[in-house]
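J.: Residues per chain, in single letters:
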Amino acid sequence: MNDKNNGGWSPYLAGALTGGVIILSALIAGNYFGASTCFVRVSGYIEQLFSPARVEGITYFKWFAPKVDWQVMMVLGILIGSFISSKQDGSFQIKSVPDMWSARFGSSPVKRGAFAFLGGIILMFGARLAGGCPSGYGLGAMVQLAVSGLIVVVCFFAGGILFAQLIYRGGEQR
Amino acid sequence: MSTLMNGLLTGIAFGFLLQKGRVVRFDKQMGALRLMDMTILKFFFSAILTGMVGVAILHQLGIARPLILPTNIGANIIGGLTFGLGWSIIGYCPGTSLGALGEGRIDALWGILGMLLGAALFAEVYPAVQDSILTWGREGSIRLPEIFGLNDWIVIAIFIAGGLGLFVWLEKKGL
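Going line by line, the protein sequences match chains A and B.
If you use my numbering, the first sequence corresponds to residues 1367 to 1540, in order.
If you use my numbering, the second sequence corresponds to residues 313 to 487, in order.
Note that these hints are calculated values from the structure, not bench results.
None of these values were measured; they are calculated from a predicted model.
Here a beta-carbon is modelled for each residue, glycine too, at the ideal position from N, C-alpha and C.
Be careful, since some hints might not be right.
[Stated by the list, open to error] Covered by chain A, per the in silico footprint, the following chain B stretches (three or more residues, Cβ under 8 angstroms):
(1) 323-329
(2) 335-342
(3) 378-385
(4) 389-402
(5) 419-431
(6) 473-485
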């Protein structure tokens, strides 16, 4: 497609190097990639600020206690790493509505924000029901040849592709 | 090095590479789901195939211990498809949403807040899910080599052959 690299690296190279980071993290810390569990920990942490007794009574927060662990730091690191990379090559850009979104749904940041919020709720609910997200099931479980990883990654893409076809049917309208 | 510091450095390296591959971007994520631009798939499978080989070596040498997420067929499928619905709306996944925010995409912040709420909602309904969906097709921590009766390296070789075939096909199609 047009303008595919946008001045970035080859996705094959960046991906293979990420594979190297996955190997190093297994070697050094014995940890495998994942990103959605820490959203449970942080949401429990925030809920605890308002009502500690309530969080105490929720079973799921016993499994995934509100605390800062390896994965919370890893996900925080993604934010920092992306900031460093985008500042380094000049691709950092403050933007509140993505191009493809505004071509289909208009340039209102409020509308985009509302749907991003809604999509985030649904996506995370699904991720926790499935037991993880693309990082955990793809970069963590599939890497270790887990059956679960293959099933879930196929469903992520199958669901995503199906609903994207429905949502963007009719193409660009504005 | 402390575990937390290791996590932070791992994340910084991961975020740096995600951004360099331009994978954190909404247009790239939706481009893949709309079958127009498969950049994220190339990145994702390159990472998985490379990781597979290295991690298998670590496991076989006994240097790192495997941690296999259990297979719960019902929850895996229903949760995976639900994720897909949300993904097609937000256009970021949990890891890349932080990366998108890192390169200045403010809309990702609303998505992250939604994800935190989604996690809290799941915690609320977990007891009901635990007694229903999570009991459908509970197979435990099974691996592909065992269910197909193949050696780890043969499974990895199949993945690599399939992945390279996919890459060649995508390049030929100009995706």
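J.: Against each hint, give a clear statement of whether it holds in the structure.
T.: Here's how the hints hold up against the structure:
1. Beta-carbon proximity to chain A at under 8 angstroms applies to 7 residues in the region 323-329 of chain B; the threshold of 3 is reached and the given coverage holds.
2. With 6 residues having a beta carbon nearer than 8 angstroms to a beta carbon of chain A, the region 335-342 of chain B meets the requirement of three or more and the stated coverage holds.
3. Look at the region 378-385 of chain B against chain A: 8 of its residues bring a Cβ nearer than 8 angstroms to a Cβ of that chain, three or more, so the hint holds.
4. With a cut-off of 8 angstroms between beta carbons, the region 389-402 of chain B has 14 residues touching chain A; three or more are needed, and the interface restraint holds.
5. Counting residues of the region 419-431 of chain B whose C-beta sits closer than 8 angstroms to any C-beta of chain A gives 12, which meets the bar of three, so the coverage hint holds.
6. With a threshold of 8 angstroms between beta carbons, the proposed coverage of the region 473-485 of chain B by chain A is violated, since 1 of its residues qualify and at least three are required.
Hint violations for this structure: number 6 only, all remaining hints satisfied.
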